[in-house]
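S.K.: What follows is each chain in one-letter form.
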Amino acid sequence: MFERLLALRYIKAQKRHSFFTVCSIAVALALVTLLFIAFSTYMGIRRDAAYYEKPYHFKLMQLTEEEFAQLETNPDFTSCERITEADGSLSAAIMINTYHEDFGLYINTIFPDKYLYSDLKETYKEDLIDVNFELVELDRLDFASKYYAVYRLALFFIFIIFFVLALRLMIDTAFEISSKERERQYGILQCTGAAPGQIVRIITWEGLFLSIVGIPVGILLGLGLSFGVFQAIRSSGVAEAFFTAEEITAVMKLHCSPLLLVLGAVTGLVWVMISAYGTGMRIIRMSPIQAISNRENKIRKVRRFSLLGLLFGWKGMLAARNNRRQTKRFVVTVMSLTVSILLVASFSLVLRQAFAAFEKTVEVLDLDYDFGVNIKVDPADPLSYKEGLGLIRESGYFDIDTFTKTQLAYIPFDEDSEPLFCLLLYYPEETFDSHFIGGSPVPYETLTEQGSYLITHPTNFTEQSLADVLKKYTQFDVVVQGRTLVTDDAYNAMTAEEQAQVEDYVFDDPVTGEHALLYRYLTEWTAATLPVGGSAPAAKTDAQAKKFFGVSHDYSNMLLLAGTLDAYENGAYAYAGSYGSLINSDGTENIRLVLRDDSTYEEAKAFLLAHDDVFELDEDFFGDLRKGRTTVGAIQIGFGFLSVLIGLIAIVNMVNTISTGMLNRKHELAALQCIGMTQGQLRAMTVIECLQYALTSGIAATVTIEVLFLEMYLFLKVIGLEEVFGEIIHFTEPLPLIWISAAVVFLAAAAASFIPLQRMQKDSLTDQLRCVE
Amino acid sequence: MGSLKVEHICKIYGKGENEVRALDDVSFTVPEGQLAAVVGASGSGKSTLLHILGGVDRPTSGKVFLDEQDIYALNNKDLAVFRRRQVGLIYQFYNLIPVLDAEENITLPVVMDGQKPEPAKVEEMLQLMGLTERRRHLPSQLSGGQQQRVSIGRALFTAPGVILADEPTGNLDSKQSAEIIALLRRSNRERKQTMLLITHDESIARQCDRIITLSDGKIIGDELTGQGGGADV
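For the record, the sequence lines run as chains A and B. Everything in the first sequence is counted per this note's numbering, starting at 1 for the first residue and increasing by one. Everything in the second sequence is counted per this note's numbering, starting at 1 for the first residue and increasing by one.
Check each hint, because a few of them may be wrong.
To be verified - SDA-like mimics (lysine to any residue), calculated; alpha carbons at most 20 Å apart, straight line:
hint: 1; chain 1: B; residue 1: Lys218; chain 2: B; residue 2: Arg21
hint: 2; chain 1: A; residue 1: Lys253; chain 2: A; residue 2: Ala49
hint: 3; chain 1: A; residue 1: Lys605; chain 2: A; residue 2: Leu625
hint: 4; chain 1: B; residue 1: Lys218; chain 2: B; residue 2: Asp25
hint: 5; chain 1: A; residue 1: Lys762; chain 2: B; residue 2: Ser61
hint: 6; chain 1: A; residue 1: Lys762; chain 2: B; residue 2: Asp78
hint: 7; chain 1: B; residue 1: Lys77; chain 2: A; residue 2: Ala684
hint: 8; chain 1: B; residue 1: Lys77; chain 2: A; residue 2: Thr678
hint: 9; chain 1: A; residue 1: Lys376; chain 2: A; residue 2: Thr406
hint: 10; chain 1: B; residue 1: Lys192; chain 2: B; residue 2: Phe82
hint: 11; chain 1: B; residue 1: Lys116; chain 2: A; residue 2: Gln681
hint: 12; chain 1: A; residue 1: Lys762; chain 2: B; residue 2: Tyr72
hint: 13; chain 1: B; residue 1: Lys77; chain 2: A; residue 2: Leu682
hint: 14; chain 1: A; residue 1: Lys627; chain 2: A; residue 2: Gly372
hint: 15; chain 1: B; residue 1: Lys116; chain 2: A; residue 2: Leu311
hint: 16; chain 1: A; residue 1: Lys762; chain 2: B; residue 2: Leu79
hint: 17; chain 1: B; residue 1: Lys77; chain 2: A; residue 2: Phe754
hint: 18; chain 1: B; residue 1: Lys15; chain 2: A; residue 2: Asp763
hint: 19; chain 1: A; residue 1: Lys59; chain 2: A; residue 2: Asn108
hint: 20; chain 1: A; residue 1: Lys762; chain 2: B; residue 2: Lys77
hint: 21; chain 1: A; residue 1: Lys328; chain 2: B; residue 2: Pro98
hint: 22; chain 1: B; residue 1: Lys77; chain 2: A; residue 2: Gln681
hint: 23; chain 1: A; residue 1: Lys360; chain 2: A; residue 2: Tyr713
hint: 24; chain 1: B; residue 1: Lys116; chain 2: A; residue 2: Thr678
hint: 25; chain 1: A; residue 1: Lys627; chain 2: A; residue 2: Ala49
hint: 26; chain 1: B; residue 1: Lys15; chain 2: A; residue 2: Asp767
hint: 27; chain 1: B; residue 1: Lys116; chain 2: A; residue 2: Leu307
hint: 28; chain 1: B; residue 1: Lys77; chain 2: A; residue 2: Asp767
hint: 29; chain 1: A; residue 1: Lys762; chain 2: B; residue 2: Gly14
hint: 30; chain 1: B; residue 1: Lys77; chain 2: A; residue 2: Arg759
hint: 31; chain 1: A; residue 1: Lys386; chain 2: A; residue 2: Gly372
hint: 32; chain 1: B; residue 1: Lys77; chain 2: A; residue 2: Asp763
hint: 33; chain 1: B; residue 1: Lys116; chain 2: A; residue 2: Gly309
hint: 34; chain 1: B; residue 1: Lys116; chain 2: A; residue 2: Phe312
hint: 35; chain 1: A; residue 1: Lys762; chain 2: B; residue 2: Glu19
hint: 36; chain 1: B; residue 1: Lys77; chain 2: A; residue 2: Met760
hint: 37; chain 1: A; residue 1: Lys762; chain 2: B; residue 2: Asn75
hint: 38; chain 1: B; residue 1: Lys77; chain 2: A; residue 2: Gln679
Just so you know, these hints were derived from the structure itself, not from any lab.
Chain B with its partners taken away, still in its complex shape (with noise of 0.2 Å):
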């Protein structure tokens, strides 16, 4: 539950003269709660790989596993139930619906699911997240790093086997970001969640298990950071 593999992943934009290869036979596996950071300088292809793999973006060639399966074998239906149950998304910018608060923010994917959020689950992850006396604010009532911690409640509220967090800490101070790290740092032990993180803080990085460096769209490096896990090259 939570291993994710890639093999020869290639994401071609624009055709002739304007073609951009934003990754080019990218190939590599994250094994079962396993926190991998990944980096590069800009353009080098961090977010086509994180939208590839969180199933939001199909490759212009190669596949993505997970769990053994295939996840762009799935109909565009069963990819948004994918998305849903199986990957949770955390975005620099929160991406938060604007007229839901918080709580209902966090609880959406269980709700889109057609299931109502267990009570004590959503207070737990309140509780978790420090939002608990802000359940009822809007995103527009909330500062940055608590609307990050929106954010990251919602993707770990369905407790999804992965987590992809595209520079979670892009857009907050570094008190607030420490927070974050330590907030999926934690999820992911205790939860065994496989997690991958953008970032362009190396400090941030060298808090994770694994460092994968793009560039080009191409994996330059690859390295165990020893925080613990391994990874399978």
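Chain A with its partners taken away, still in its complex shape (with noise of 0.2 Å):
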């Protein structure tokens, strides 16, 4: 076989070019192992983290010990194993190993007389089976999971095809280049008598063997790549946002499927003796005397009018019409560049706007503290918060953002005039002055002392009406309600007529639809004087409630009243009947708490999940943000990472296709000199074709991205959520970040077009000339 013979002849004869070819499968494989193993590694861990839950496709519980021997006879059951529960009942917690198409009806054949499983509802019976729907679905067990996992593989390759795409470009390239300074060769191959089909063959087996060498390379290189990033990420913490430790031991494993290896293989393979097959085409399709006489490039039409020429005149000219030789080479580069700006500038970009859009929300929905915290108190005892709001306060972890024992109550005014109806809200010492413009007008401790209250700002007063207000007033004769708690003994004991007084608080929980009565109350009202202190408006809440809200607070059509919390406990709770409270009237009291030191957020949940018989840990906004931004983090960082690489690949496609383009007009560059073209114009007109990639690749970024904010403006003023979130879209932006992406794009393109004219200038111009003649 003379064709496999030359086709090594001429990889040894040709080291460097073989050299490059095979690097560029190797690189080429080796992303796409990256890619494979990233993909294999995030099933295996959810497959992994899935188990580590619960380890097992499904539990069956409240056994008797026949049916779990009846189990473990079962020869679909890979794993059967015997669980005694808390209360004393027999699980057993099993794994299987066989697909079956429904898996609530293969269910149902376990225990046919138990029903597991309802086919018309589609539901399992939860007190005698738990099923492990995310491990099934991951070990493929029925066919819903099966079509989900299409789903994702094909989610998945859509994904990679313009990876594809891209490293196909690359190795076509290596190709080209090893090929083109061998077409001679094959011209004269064809004239001497070799038919087309073997010029293929000497190229198609030329790949082959280089793929043996390359693709083996690329995969190990990317095994090696993998680790290393894979090891990047567990250092970074990125897995803690997500698992606890244990679990971090126990699923962040690298996951390496010989599958997709293999498959990662076939690809390469296949690229690479498709490339060749061009290759190898596109020269047969010349005939045998243009490939000795290398003039191909039969250029039919030019434009003659180019940006470039009237820029740079005819070096800008020259360029512009080299670059539209190779039109859908120009064309697929310049889409890969400008994708590659894009995901390089507008990437952390977007994701940095979508951290401001999580912060906003935050803000907005005025989440800026830490924890919420339940503290129990006794329904019969209105004071009996100050245990947990005692602990809480000695255990240094924390600020109180806010803590406010809140009471109904009215003006009555005159019978002629309808009553007003204010809140009287009591805050703690430390957070007092918070919650006023400018802090209280008078001190707490006066306050306190006197009993008194600050007229704050009820959207619907005036600074001014706020005056006139306390002008006319030093004191306030109000009616307080309260709540009285009366218990089943003496609401039995209660006459009909009393007990049609009495009021359910009842609780309806919107999932389960039940509807429990917590307690009953009695209704009453205390007539109270409340001495005036002063008058400060309103910090925080009201712009914010407007903004999101799109009206002002709940409270616009109330007068406030702010009394302190020592002024509370010293009587004034008394207003309110034993309940002590009428907005937090399920038995607890909410307290939100702020982080005194953000490093202690471990030990302060753990002293709150200790303390379990006073308080109830509500809300966990500090994990929950922490967890949000390290998600949208390690996001940024996955993202960036392929961004980065596409960016990579991208340039690394167009520095071959310069090279390429500039091996292609070795001769013709030659001859541009031979009539009189100095090195730097030759250089210079090099290097405004390099413009012009950047400069249309930046363009086409630019607009892109433009396009999609406008669209993103347009989509957020239609769902209403331009004033909120419309000051983050900012046009501008992303424009430096395309444009530097862009600039580095043509210091790429510059540098690589200067590695082939400087070696070309390596040869004098008659021996640049004479690879034609």
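Take the two lone chains, each set in its own frame, and fit them into one complex as the hints suggest.
M.R.: Dropping the structure here:
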């Protein structure tokens, strides 16, 4: 087989080109391997996490010994683990390895009499069986999970399709470069009788031989790269956002599916063969004399006007026309560069915007506290929250963000006018000043001593009207609503008439629909005289409430009277009956806490959880936000990595395209110099060619991102959130990033063009021309 | 303006055992306005000589003078300017720029010089080359003869003192060859240009003023044909 012999000889003769082609194949394969391993690792970690949480495909509960014995002999099960539950009942944790079209129907075949699965409702009997749906899905045990697996794979392949194209271009150009200089040889071979098929076979053999080296090297490189990236991710702390320390040890492992590696290798081999075949076909489409004389680029039409020509004169005109000679290649390269610039420049930006939107949401939702804690209270003792509050204060971990005792009251005025409803708000000393713009005009101690209140800022009151109220009233005669708990015994002892006065506090569970009577109470109204200590506009909440809800806060039609928590504890609580508070009437008092030192988060949380007899941790925004921020950060890192990867591929492709273009025009560039073009002019022309790549990509990226931003803005407008989130869209913000990326592209291209130029200059013009003659 | 003097030119390729002497101590002078043919077998060093005379390739030793100026004393940039202004090179395979049309190819050396081609001069050259109708055609849209005429037009457009043609008819049929030679001869006479023509075709060589014969890099013959002009070997 002379084709094989020649292929080997060419590889040996053109060591540098062969090395370059092997490198291109290896790099392409390494990147594909990295992606495939990333995918299998992601799926593997998900699977392990699902197994870690529930180490079974399903758990059958409330079993008898006979049933368990029956399960142990089931041939479908790979394991059937005996579990004795806390209540002494017997359960079996089961793993299976068989595929079942409908998992529910299969479950029903285990104990047909139990009807563990309702096909009609598509639900399982939760008291008898617990199915680990995620594990079932990830182990592809039923039709739906196979469907999702195919769906996931399809998404993955759509995602990597760009990589595939970009990487193929990389191999393509490597082949083109190495075969370019051999075109003459192929022409001669054809002249001496080689059939076109034989020429193609020489090149495909060459591809095969180079693949034998390139593909294993690429896969090994990819494995090494994957390991490095995985270690970097592990040590970056990203995993901690999703898993506990034990889970990390159990699930954070690199998964390397041999099937995907084989798939990667096959893909790589197919690319190489297609590239080699394509190169062969291109060569045999030329006549032997064309190949010998290296005279392709049959240009039929040129566009006479060009912007570059206008800007840079004849050099710009030549550069523009040169770039248009390989329109398809130019467009593909510019497209890949544009996508890369968009990714590199805008991913970080979009994610920063997303981060800003995230922070904005946090701000708008008034989530700028770390923990929401419900302090358990005794319904019969309005001051029983003091134990929990005291513990929090003593712990030293927290600052109080908000703690408010609230009572509803009204000012009766006279019979002719409508009563004015007001809220009595009692704030602790730590936060008292923060509730008023500019702080409290009267010291906390004074207000406590006097038991007086500050008129604060209801939105339908102007500051002037507040001042007028203040002038008019030094005290208010109010009627305060109170609730007194009615125990079951007391309720049963009441007459029907008295019972009619009693109200029920019921709880409707939105999820289960449960309707529960929590307690009964009597509403009482207690007359009180409240001294006025001053007035101050309320801080926070109002503007935010208006922005987010489109209205002022809920108390807009009420007069707000702010008192001190100490005053409340000193006696004001008595106005509100035994229940003490109107708003938090479900047996808890909500307190919002801010961590004094973020690094104590874990300890502080442990403290709250350890006192579950006193507190109930209702909201962990610090953890949630940290998780959110870390997730955004992780996505940022991931996408940043991918975009840099795509950027590198695009730049390598551009470098290859430019190098190939220069080599293709080696003879022509020599001819230009023969008729008087200086090396400086030649370099200038090639720099302008590179500039066109960068400029076109930069402009395309700019237009694309502006259109995306506009669409985003219009979308926000349509859903009515442009006022809230519109401010995070800055049309000019991505431009510096885009043009910095374009400048990097330009510099890389210019550097890339100088290398072949420099190599060419080593030969005399005669030698450069001699490749033709 | 255009006398060419070659002094002891040597051009050696390779080293040691692989050493090839493409030109071996070649010396001659071509006076201004003379049309000289360089003939010889393949590998005799004709093209190498032409490239060295045209400032395209540096000799290993020896000097080339154009109007008493040693062209290889010039740096690369000045040498490029020299090729642009003082020499017109014509190749067998034309070496046209595929993205430029006939007119743009012809005017390229002037444009490269930062000048604007004079329209009248462009018209005159296109007319002279018979390319007026083909001025907007790209090289790929022209026949071999037309391409060679574009190449000659490009070489003549700057009115250089010396025209060097490397088998300008080597790729053309006899009718086109005759046209090209007539064009060169006409330019030689009308513009008093010094011309050196490499050819394998004896009949073409006989139309020149002088025939220099090369063999193995050495001049083995130098004769005046009696067509005009004189030689000073």
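S.K.: Please go over all the hints and tell whether each is borne out by the structure.
M.R.: The hints, checked one at a time:
Distance check on the hinted pair: Lys218 (chain B) and Arg21 (chain B) sit about 10 Å apart at the alpha-carbon level, within 20 Å; holds. Pair hint Lys253 (chain A) plus Ala49 (chain A) holds up; C-alpha atoms about 11 Å apart against a cutoff of 20 Å. Distance restraint check for Lys605 (chain A) and Leu625 (chain A): the Cα-Cα separation of roughly 14 Å lies within the 20 Å cut-off, and the hinted pair is therefore satisfied. For the given pair, Lys218 (chain B) sits about 7 Å from Asp25 (chain B) by alpha-carbon distance, which is consistent with the 20 Å threshold.
Of the supplied pair hints, the one linking Lys762 (chain A) and Ser61 (chain B) holds, its CA atoms being roughly 19 Å apart against a limit of 20 Å. Distance hint between Lys762 (chain A) and Asp78 (chain B) is fulfilled; the C-alpha atoms sit about 18 Å from each other, no more than 20 Å. For the suggested pair Lys77 (chain B) and Ala684 (chain A), the alpha carbons sit about 14 Å apart, so the restraint of at most 20 Å is met. Between Lys77 (chain B) and Thr678 (chain A), the direct Cα distance comes to roughly 6 Å. Compliance with the 20 Å bound is thereby established for this hinted pair.
Taking the CA atoms of Lys376 (chain A) and Thr406 (chain A), the gap is near 16 Å; set against the 20 Å cutoff, the hint holds. For the hint linking Lys192 (chain B) to Phe82 (chain B), the alpha-carbon distance of about 19 Å falls within 20 Å, and the restraint holds. Restraint check for Lys116 (chain B) and Gln681 (chain A): satisfied, since their Cα atoms lie roughly 17 Å apart, inside the 20 Å limit. Between Lys762 (chain A) and Tyr72 (chain B) the CA atoms are separated by roughly 18 Å; this keeps the pair inside 20 Å, and the hint holds.
The straight-line distance between the Cα atoms of Lys77 (chain B) and Leu682 (chain A) is roughly 11 Å, inside the 20 Å bound, and the hint therefore holds. For the hint pairing Lys627 (chain A) with Gly372 (chain A), the CA-to-CA distance comes to about 17 Å; that is within 20 Å, so the pair holds. Of the pairs offered as hints, the one joining Lys116 (chain B) and Leu311 (chain A) holds, with about 16 Å between alpha carbons and a cut-off of 20 Å not exceeded. At most 20 Å may separate the alpha-carbon atoms for a hinted pair to count; Lys762 (chain A) and Leu79 (chain B) meet this at roughly 17 Å.
Distance restraint check for Lys77 (chain B) and Phe754 (chain A): the Cα-Cα separation of roughly 17 Å lies within the 20 Å cut-off, and the hinted pair is therefore satisfied. A C-alpha spacing of about 16 Å is found between Lys15 (chain B) and Asp763 (chain A), which places the hinted pair at or below 20 Å, so the restraint holds. Distance hint between Lys59 (chain A) and Asn108 (chain A) is fulfilled; the C-alpha atoms sit about 13 Å from each other, no more than 20 Å. Restraint check for Lys762 (chain A) and Lys77 (chain B): the C-alpha separation of about 16 Å stays at or below 20 Å, so the hint holds.
Distance hint between Lys328 (chain A) and Pro98 (chain B) is fulfilled; the C-alpha atoms sit about 18 Å from each other, no more than 20 Å. Proposed proximity of Lys77 (chain B) and Gln681 (chain A) is supported: the alpha carbons are some 10 Å apart, at most 20 Å. Simply put, Lys360 (chain A) and Tyr713 (chain A) have alpha-carbon atoms about 16 Å apart, close enough for the 20 Å limit, and the pair holds. The straight-line distance between the Cα atoms of Lys116 (chain B) and Thr678 (chain A) is roughly 18 Å, inside the 20 Å bound, and the hint therefore holds.
Note on Lys627 (chain A) and Ala49 (chain A): the hinted pairing holds, with a Cα-Cα distance of about 17 Å set against a maximum of 20 Å. Restraint check for Lys15 (chain B) and Asp767 (chain A): satisfied, since their Cα atoms lie roughly 16 Å apart, inside the 20 Å limit. At roughly 19 Å between alpha-carbon atoms, Lys116 (chain B) and Leu307 (chain A) fall within 20 Å of each other, so this suggested pair holds. Straight-line distance between C-alpha atoms of Lys77 (chain B) and Asp767 (chain A) comes to about 19 Å, which keeps the hinted pair within the 20 Å bound.
Between the alpha carbons of Lys762 (chain A) and Gly14 (chain B) the distance comes to roughly 14 Å, so the proposed pair stays at or under 20 Å and holds. Note on Lys77 (chain B) and Arg759 (chain A): the hinted pairing holds, with a Cα-Cα distance of about 18 Å set against a maximum of 20 Å. Pair hint Lys386 (chain A) plus Gly372 (chain A) holds up; C-alpha atoms about 17 Å apart against a cutoff of 20 Å. The hinted pair formed by Lys77 (chain B) and Asp763 (chain A) meets the criterion: a straight-line CA distance of about 16 Å does not exceed 20 Å.
Of the pairs offered as hints, the one joining Lys116 (chain B) and Gly309 (chain A) holds, with about 14 Å between alpha carbons and a cut-off of 20 Å not exceeded. The suggested pairing of Lys116 (chain B) with Phe312 (chain A) holds, with an alpha-carbon distance near 14 Å, which does not exceed 20 Å. For the hint linking Lys762 (chain A) to Glu19 (chain B), the alpha-carbon distance of about 19 Å falls within 20 Å, and the restraint holds. Between Lys77 (chain B) and Met760 (chain A) the CA atoms are separated by roughly 16 Å; this keeps the pair inside 20 Å, and the hint holds.
With a CA separation close to 16 Å, the supplied pair Lys762 (chain A) and Asn75 (chain B) stays within the 20 Å bound. Under the criterion of a C-alpha separation no larger than 20 Å, the hint pairing Lys77 (chain B) with Gln679 (chain A) is consistent with the structure, at around 7 Å.
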